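Asker: Each chain is listed here by its residues.
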Amino acid sequence: MAVEKSHKLALGSQDDVVLVRQAVRSAAIEIGLNLIDQTKVVTAASELARNTVVHGGGGMAFVETLRETARLGLRLTFEDTGPGIANLELAMKDGYTTGGGLGLGLGGAKRLSSEFEIDSRPGEGTRVTITRWKG
Amino acid sequence: MDKIPILHLGNFLLVTIQVDMHDRLALTLQDDLTTQVVSHRARGVLIDISALDIVDSFIGRMLANIASMSRILDAETVVVGMQPSVAITLVELGLSLPGIRTALNVDRGMKLLQDTQASEVPTLGSREIT
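Note that the protein sequences, when read in sequence, are chains A and B.
For reference, each letter of the first sequence is one residue, going 0 to 134 in numbering that gives the first Met the number 0.
For reference, each letter of the second sequence is one residue, going 0 to 129 in numbering that gives the first Met the number 0.
What the hints contain is simulated information worked out from the structure, not anything from laboratory work.
All values derive from a computational prediction rather than experimental measurement.
Incorrect hints may have been included.
What the hints assert, rightly or not - The calculated label-pair distances, taken between Cβ atoms and stated as ranges, are:
| # | chain 1 | residue 1 | chain 2 | residue 2 | range |
| --- | --- | --- | --- | --- | --- |
| 1 | B | Val18 | A | Gly56 | 18 to 28 angstroms |
| 2 | A | Thr96 | B | Leu6 | 26 to 36 angstroms |
| 3 | A | Gln21 | B | Asp73 | 36 to 46 angstroms |
| 4 | A | Arg120 | B | Leu26 | 28 to 38 angstroms |
| 5 | B | Ser38 | A | Ala85 | 42 to 52 angstroms |
| 6 | A | Gly57 | B | Gln116 | 40 to 50 angstroms |
Stated by the list, open to error - Per the computed footprint, the stretches of chain A lying under chain B, defined by three or more beta-carbons under 8 angstroms from a beta-carbon of chain B, are:
| # | region |
| --- | --- |
| 7 | 13–27 |
| 8 | 34–40 |
| 9 | 43–52 |
| 10 | 100–113 |
Quick reminder that beta carbons are idealized off the backbone N, C-alpha and C, glycines included.
If we strip away everything but chain A, and leave its shape as in the complex, we get (with noise of 0.2 angstroms):
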């Protein structure tokens, strides 16, 4: 699997999640996605955006695109050094919310993608990875 293109953008504010959006989307196109891969990936990315954003205290976003033999995928990362998640299992699950939203990002971002993985330490941060590939 090879990196074809890799983008890094600041998330710093809501602002910054709206310039991820438009970013993935962009990436989106570019690999040749349909609209609704496009759609589902790009909501994945605002969802874990915000996340980086209200629980992490910010962070970093990439975007990545992925060439695989004959198939090529985006790989987008959310990345912060903030409190970390206390627990994982609990925190995957839909309606389960500290920030007073509805609890459905994670678990919805994991639904709307190929492949999810999480890395979270208390106290040191979350990594939080997905993939979407083309087909």
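With the hints as your guide, set chain B onto chain A.
Answerer: Quick look at chain B alone, frame taken from chain A:
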């Protein structure tokens, strides 16, 4: 742009969301609409989201909040123009927007609001005394 314009059309308020909203803008719209339902004695709110590429959980919650607050203030809310890709994504995300009335386009949404108003039984206060 820091505010989304709200149009007044008879008894109804009409909003067309045409920008990629950041969260603060969504909250401002929610507050403005709720305030104007009261100040304009509006009976219906129509929100056109045909220009929105995505509806995430935050915008979904904003739409649900507007609908609940309007209902408490005696106004109906109709959300119109959702793109099919947005609807598919919303359901997969886990949001089914309960309590929100929807219509395919502005025309049908207006009709829905007008029908709702027309079918209302006159209340005691508005009944003519013969």
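Asker: Would you say the region 100–113 of chain A counts as covered by chain B, given the rule of at least 3 residues with C-beta under 8 angstroms?
Answerer: holds (count 8)
Asker: Falls inside 36 to 46 angstroms, the C-beta gap from A:Gln21 to B:Asp73?
Answerer: 39 angstroms, holds
Asker: Tell me if chain B covers the region 43–52 of chain A under the three-residue, 8 angstroms CB rule, please?
Answerer: holds (count 3)
Asker: Taking the Cβ atom of A:Thr96 and the Cβ atom of B:Leu6, is their distance within the range 26 to 36 angstroms?
Answerer: At 34 angstroms between Cβs, range holds.
Asker: Please test the hint of 40 to 50 angstroms on the beta carbon pair from A:Gly57 and B:Gln116.
Answerer: Since the Cβ atoms of A:Gly57 and B:Gln116 sit about 47 angstroms apart, the hinted range of 40 to 50 angstroms holds.
Asker: Do three or more residues from the region 34–40 of chain A put their C-beta atoms closer than 8 angstroms to C-beta atoms of chain B?
Answerer: Since three or more residues must qualify, the claim that chain B covers the region 34–40 of chain A holds, with 5 doing so at under 8 angstroms.
Asker: Kindly confirm whether 42 to 52 angstroms is satisfied by the beta carbon distance between B:Ser38 and A:Ala85.
Answerer: Given a distance of about 45 angstroms, which is inside 42 to 52 angstroms, the answer is holds.
Asker: For the pair A:Arg120 and B:Leu26, does the Cβ-Cβ distance stay inside 28 to 38 angstroms?
Answerer: 32 angstroms, holds
Asker: Are 3 or more residues of the region 13–27 of chain A near chain B, judged by a Cβ distance of less than 8 angstroms?
Answerer: holds (count 7)
Asker: Do the beta carbons of B:Val18 and A:Gly56 sit within 18 to 28 angstroms of each other?
Answerer: The hint (18 to 28 angstroms, Cβ to Cβ) holds, given that B:Val18 and A:Gly56 are roughly 26 angstroms apart.
No hint from the list above goes unmet by this structure.
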